[in-house]
Amino acid sequence: MIELKGNSLVIRFPEVHPQAELRVEFQRTLRIPDDDKTYPLPPGLGKFALEHVDDHAAGVPPHWLERGGVMLPMYQAEAMWLRFASPGAWNRSKLPYPFAIKVAAGKQCAVTGESWRNELHRDQQDYMVAPDQPWLDGFCIEKGVIRQFVAMPLGAGYSAEEQLTGKAEHGGLQIAVYPMKRESYERLCKKQRTISDMVKDCCLASAEPTFGFHRKRSADMGLAPGGRMRQEIYDDPYELGDWDLENSSRCFVHLCNSLVWQSITGSLPPHPAPTAKQYTTAGLPWYDYYDERATAVDGAAKLAGLKSVRQVSDDKGDVALPENESVTPECIVTYRKGLQPGQVRETWL
Amino acid sequence: MSNFGTYIRQARETHRAKDASFSVRQLAARVGIEPSYLSKIERSEQPPPSQQTIERLAEALGEDADVLLALAGKVSDELQEIIRRRPKLFGELIRQLKDAPDHAVLRVVREVRDGEW
Numbered sequence: 001m002i003e004l005k006g007n008s009l010v011i012r013f014p015e016v017h018p019q020a021e022l023r024v025e026f027q028r029t030l031r032i033p034d035d036d037k038t039y040p041l042p043p044g045l046g047k048f049a050l051e052h053v054d055d056h057a058a059g060v061p062p063h064w065l066e067r068g069g070v071m072l073p074m075y076q077a078e079a080m081w082l083r084f085a086s087p088g089a090w091n092r093s094k095l096p097y098p099f100a101i102k103v104a105a106g107k108q109c110a111v112t113g114e115s116w117r118n119e120l121h122r123d124q125q126d127y128m129v130a131p132d133q134p135w136l137d138g139f140c141i142e143k144g145v146i147r148q149f150v151a152m153p154l155g156a157g158y159s160a161e162e163q164l165t166g167k168a169e170h171g172g173l174q175i176a177v178y179p180m181k182r183e184s185y186e187r188l189c190k191k192q193r194t195i196s197d198m199v200k201d202c203c204l205a206s207a208e209p210t211f212g213f214h215r216k217r218s219a220d221m222g223l224a225p226g227g228r229m230r231q232e233i234y235d236d237p238y239e240l241g242d243w244d245l246e247n248s249s250r251c252f253v254h255l256c257n258s259l260v261w262q263s264i265t266g267s268l269p270p271h272p273a274p275t276a277k278q279y280t281t282a283g284l285p286w287y288d289y290y291d292e293r294a295t296a297v298d299g300a301a302k303l304a305g306l307k308s309v310r311q312v313s314d315d316k317g318d319v320a321l322p323e324n325e326s327v328t329p330e331c332i333v334t335y336r337k338g339l340q341p342g343q344v345r346e347t348w349l
Numbered sequence: 001m002s003n004f005g006t007y008i009r010q011a012r013e014t015h016r017a018k019d020a021s022f023s024v025r026q027l028a029a030r031v032g033i034e035p036s037y038l039s040k041i042e043r044s045e046q047p048p049p050s051q052q053t054i055e056r057l058a059e060a061l062g063e064d065a066d067v068l069l070a071l072a073g074k075v076s077d078e079l080q081e082i083i084r085r086r087p088k089l090f091g092e093l094i095r096q097l098k099d100a101p102d103h104a105v106l107r108v109v110r111e112v113r114d115g116e117w
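Protein sequences, first through last, are from chains A and B. Counted from 1, the first sequence has number 84 at position 84 by the UniProt record's numbering; the numbering is strictly sequential. Counted from 1, the second sequence has number 76 at position 76 by the UniProt record's numbering; the numbering is strictly sequential.
These aren't lab readings, by the way, just hints derived from the structure by calculation. By construction, the Cβ of each residue, glycine as well, lies at the ideal position given by its N, Cα and C atoms. Keep in mind that the hints are not guaranteed to be accurate.
Negatives, chain B to chain A, calculated, CB over 12 Å [to be verified]:
1) 34
2) 35
3) 60
4) 65
5) 73
6) 112
A few chain A residues facing chain B, derived, Cβ under 7 Å [unchecked claim]:
7) 2
8) 10
9) 67
10) 135
11) 246
12) 250
13) 251
14) 259
15) 296
Isolated chain A (complex conformation):
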């Protein structure tokens, strides 16, 4: 079951295990420059507002109601990253429950670029594993490099979906979550205890403007590939058979610009995010995350062939990115495997 709580999706599988709970947050962030540089991770600037589409049945397009799910407002001047959090992640006495997570934009997998399928696939891994993967910022284009999720009007030709399929059909973002099988989790807990005991014995001995160009009448927005960023998508350390494919939950996240959001909900979204230049000039931190023990998956050839928003814009002769100055992040906070308490990417401006 998926609940909407505090602008987060809380996904629980009480029928599988009482610990089987995952929180998915959609963090607002600045658009990193879309140039030839590869940037560290930008900060989280607070959660996007999330609402049930059913709550605005009179104002949303009929196809949104068919798909169900939730909706969020996104300025074209900002970007998004996803945070996967397990409630018990900081409680070291309990092993956080593992989940396999599929993320797609316009029903095109953000990891492989393949069209949406409801199952998990391992030959070309089309999912991520939480809690090992704490964040996802974009499309996996190379090993250790992603292109940032940025919102563009569906139908303008920028979205990954349009570039991959030639159609502007779905837009939005899609998520499916699969819990680990109970028996596999319990086996993992036993193994963890054994390791923990061994360590103990051993020791005894010794944290809008919409740009106006190509504004479509459609309410839908799609995610397009923005600037390059260092981020690894980790290989699944478990077996495919460890995932409970019988118990999954999925959600369609509809994206709309601030004006559409305001006309649907009657409320204003927050101010747009600062530009990368404003943020960097203020000396605020960027982030890096490494897990030396995990293996990163290779970038997907399909996604590697995507053109960034700037590249499409140049081809079309548009001015999609009025604020796209390169920056040199100097203040970079580096986190190592397994986030510790207080190791967050959120910055309060």
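Following the hints, position chain B against chain A.
Below, chain B alone, put in the same frame as chain A:
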């Protein structure tokens, strides 16, 4: 109200038994308050802090923010606004459910509806 400080201290010390970063000083730094203020809160020498600080404490300690706010004798602005918008409806709902067991209340939890896509 004194339960709040005791609860925070116990939660912090439970974490600290396994993780030294849960000292008063380090937790206070993560939450954005002075260590001496956190110490006084824990000893109930100061009333519970603001809603924002309580929410940050909840995040840092892995606790539920609504539970901590209730211990502090508060109800979040968000919940108050929900009730203020439809007072009759939610007043009735809460009264109807006040004595229901948890599993019965959970049955009325609203799920995000998945459709055809």
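Going through the hints against the structure:
1. The claim that residue 34 of chain B is not at the interface with chain A holds, since no C-beta of that chain comes within 12 Å of its own (minimum 16 Å).
2. Annotated as non-interface, residue 35 of chain B keeps its C-beta farther than 12 Å from every C-beta of chain A; the closest such distance is 14 Å.
3. For residue 60 of chain B, the requirement that its beta carbon stay farther than 12 Å from each beta carbon of chain A is not met, with the minimum near 6 Å.
4. A beta-carbon of chain A is positioned within 12 Å of the beta-carbon of residue 65 of chain B; the least distance is around 8 Å.
5. With a cut of 12 Å on Cβ distances, residue 73 of chain B stays outside the contact zone with chain A, its closest approach being about 21 Å.
6. Look at residue 112 of chain B: its CB is around 4 Å from the nearest CB on chain A, not clear of 12 Å, so calling it non-interface is violated.
7. The beta carbon of residue 2 of chain A is positioned within 7 Å of a beta carbon in chain B (closest approach about 4 Å), and the interface hint is therefore held.
8. The beta carbon of residue 10 of chain A comes no nearer than 9 Å to any beta carbon in chain B, farther than 7 Å, and the hint placing it at the interface is violated.
9. The criterion of a C-beta within 7 Å of any C-beta in chain B is met by residue 67 of chain A, whose closest approach is roughly 4 Å, and the hint holds.
10. Using the Cβ-Cβ criterion of 7 Å, the hint placing residue 135 of chain A at the interface with chain B is not satisfied: the shortest such distance is roughly 16 Å.
11. Among the interface hints, the one on residue 246 of chain A is violated; its C-beta lies about 16 Å from the nearest C-beta in chain B, farther than the 7 Å criterion.
12. Against a cut-off of 7 Å between C-beta atoms, the interface hint on residue 250 of chain A holds, since the closest Cβ of chain B lies about 6 Å away.
13. Taking 7 Å as the C-beta cut-off, the interface hint given for residue 251 of chain A holds, the closest approach to chain B being about 6 Å.
14. Of the supplied interface hints, the one on residue 259 of chain A is violated, with its beta-carbon coming no nearer than about 24 Å to a beta-carbon of chain B, more than 7 Å.
15. Given the 7 Å rule on beta carbons, the hint for residue 296 of chain A is violated: about 28 Å separates it from the nearest Cβ of chain B.
Hints 3, 4, 6, 8, 10, 11, 14, 15 from the list above are not met by this structure, while the remaining hints are.
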